[in-house]
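**Student:** Here is how the chains run, residue by residue.
There are 2 protein chains.
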Amino acid sequence: MNAEASKAEQPEQTEEWADVTPDAARRLVRAAVHAFAERGYHATTTRDIAGRAGMSPAALYIHYKTKEELLFQISGVGHRLALDILRSAAEGEGGAARRLAAAVRSFVRWHAEHHTTARVVQYELGALSEEHYTEIVARRREIDGVVRGIIEDGVRAGEFDVPDIPGTTLAVLSLCIDVARWFTTEGRRTPDQVGELYADLVLRMVGATDA
Amino acid sequence: MNAEASKAEQPEQTEEWADVTPDAARRLVRAAVHAFAERGYHATTTRDIAGRAGMSPAALYIHYKTKEELLFQISGVGHRLALDILRSAAEGEGGAARRLAAAVRSFVRWHAEHHTTARVVQYELGALSEEHYTEIVARRREIDGVVRGIIEDGVRAGEFDVPDIPGTTLAVLSLCIDVARWFTTEGRRTPDQVGELYADLVLRMVGATDA
Chain A
1 MNAEASKAEQ
11 PEQTEEWADV
21 TPDAARRLVR
31 AAVHAFAERG
41 YHATTTRDIA
51 GRAGMSPAAL
61 YIHYKTKEEL
71 LFQISGVGHR
81 LALDILRSAA
91 EGEGGAARRL
101 AAAVRSFVRW
111 HAEHHTTARV
121 VQYELGALSE
131 EHYTEIVARR
141 REIDGVVRGI
151 IEDGVRAGEF
161 DVPDIPGTTL
171 AVLSLCIDVA
181 RWFTTEGRRT
191 PDQVGELYAD
201 LVLRMVGATD
211 A
Chain B
1 MNAEASKAEQ
11 PEQTEEWADV
21 TPDAARRLVR
31 AAVHAFAERG
41 YHATTTRDIA
51 GRAGMSPAAL
61 YIHYKTKEEL
71 LFQISGVGHR
81 LALDILRSAA
91 EGEGGAARRL
101 AAAVRSFVRW
111 HAEHHTTARV
121 VQYELGALSE
131 EHYTEIVARR
141 REIDGVVRGI
151 IEDGVRAGEF
161 DVPDIPGTTL
171 AVLSLCIDVA
181 RWFTTEGRRT
191 PDQVGELYAD
201 LVLRMVGATD
211 A
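Residue numbers (full-length UniProt numbering), protein chains in the order written: chain A, 1 to 211; chain B, 1 to 211.
Rather than coming from a laboratory, the hints here were simulated on the basis of the structure.
A portion of the hints provided could be inaccurate.
These stretches of chain A come out as covered by chain B in the derived footprint (C-beta under 8 Å, 3 or more residues) [to be verified]:
1. 39 to 53
2. 158 to 170
3. 174 to 188
4. 198 to 205
Simulated DEER-style distance windows between Cβ atoms [to be verified]:
5. Ser129/A to Lys65/B: 32 to 40 Å
6. Glu142/A to Asp164/B: 29 to 37 Å
7. Thr66/A to Glu69/B: 28 to 36 Å
8. Asp144/B to Asp84/A: 28 to 36 Å
9. Gly145/A to Glu68/B: 40 to 48 Å
10. Gly92/A to Glu186/B: 33 to 41 Å
11. Ser129/A to Gly187/B: 17 to 25 Å
12. Asp19/A to Ile62/B: 52 to 60 Å
13. Gly51/B to Thr66/A: 41 to 49 Å
All values reported here derive from a predicted model rather than from experimental measurement.
All C-beta atoms in this analysis are idealised placements derived from N, C-alpha and C, irrespective of residue type, glycine included.
Could you put the whole structure together from the sequences, leaning on the hints where they help?
**Tutor:** Take a look at the structure:
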């Protein structure tokens, strides 16, 4: 689907699929992410995925009945990890500015380090079944709620000046998510550097008094 | 490729393909945009595109030798329109803050109104031939240069406070481009309302003194 997705080796800074068991299922998920990223969900067959994982189509079928189940597994894990990262920042120490900066830093780093997974998760939402799509949308609302909660804390405490809280929440998340589209490991900035830059820009967006 | 892309009717607020002639070529471009948006570039055949346009594969071949030529036409027109919009804002009246706000407003509106085209342009870059990709990257550098130019003007004039000009330029463009991913005509905000919100957020990002 994207030159950078297919050409760049993605360093696995954190093991995003650690919770997917058994090993064979984890291998299939990894193969599916790379196949979807390179050619798109609809151009990928379960045979392609099994082949990439060094397995037979029959062996794939033991773990995933359909290609859509694999996409749902990928999307589910991706959204759960994103939510965990944001919750842990939101529940951290300090005032709203410090917690918002921490949330942006780690959310950006995740989207930079796992840009291949993040692209598949974001761009193939429409390929999910209606039931699975509904489940993922609920998780996306939780993600939105965590960031909105920090911004509301900051406004209540007089730390932030935000005329449109839902709109600003949307923009902050959008800015971070889009890192997955443009980030490449050959670029001039590391994931940490992008995180630092974006934390500063987001504190400006919310009019943080100590930014 | 995306639920919203395939399900929502895209209102054609401005005729994005007016310069594509003759009529048959324009019909093919429109058909290709919708086919690529629904199923992805690699899952779409020239036969699919011809069928959508009510033409035979042989008739398609008169105008476009390959599917990739169609994608390049779409990407070329999309990038040229984006560049025109930004240049006209950059060369408008007023100081840097006013011109940056105008640029963001119109760039956001374009990405909201033409979100189907914009998604194809952004997500299928990797499917371009090397030669065409190089041409498009050159146009992307010009787009980046226009926004960076306004920010530099503002810094020089003491209107803006921007510690990292290239990074801030990247973030401003990324924020606007990602509107194409999340925008849906069924959402609560119109393209103009998103443009207003984002113009305000971007003036905050650059520390505009009169924001």
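**Student:** Look at each hint and say if it fits the structure.
**Tutor:** Structure-based check of each hint:
1. 39 to 53: holds (count 5)
2. 158 to 170: Result for this restraint: holds, n = 5.
3. 174 to 188: holds (count 7)
4. 198 to 205: holds (count 5)
5. Ser129/A to Lys65/B: 32 to 40 Å: For Lys65/B against Ser129/A, whose Cβ atoms are near 38 Å apart, the range 32 to 40 Å holds.
6. Glu142/A to Asp164/B: 29 to 37 Å: holds, 32 Å
7. Thr66/A to Glu69/B: 28 to 36 Å: holds, 34 Å
8. Asp144/B to Asp84/A: 28 to 36 Å: holds, 34 Å
9. Gly145/A to Glu68/B: 40 to 48 Å: holds, 43 Å
10. Gly92/A to Glu186/B: 33 to 41 Å: holds, 36 Å
11. Ser129/A to Gly187/B: 17 to 25 Å: Since the Cβ atoms of Ser129/A and Gly187/B sit about 23 Å apart, the hinted range of 17 to 25 Å holds.
12. Asp19/A to Ile62/B: 52 to 60 Å: holds, 53 Å
13. Gly51/B to Thr66/A: 41 to 49 Å: Once the Cβ atoms are compared, 27 Å apart, the range 41 to 49 Å for Thr66/A and Gly51/B is violated.
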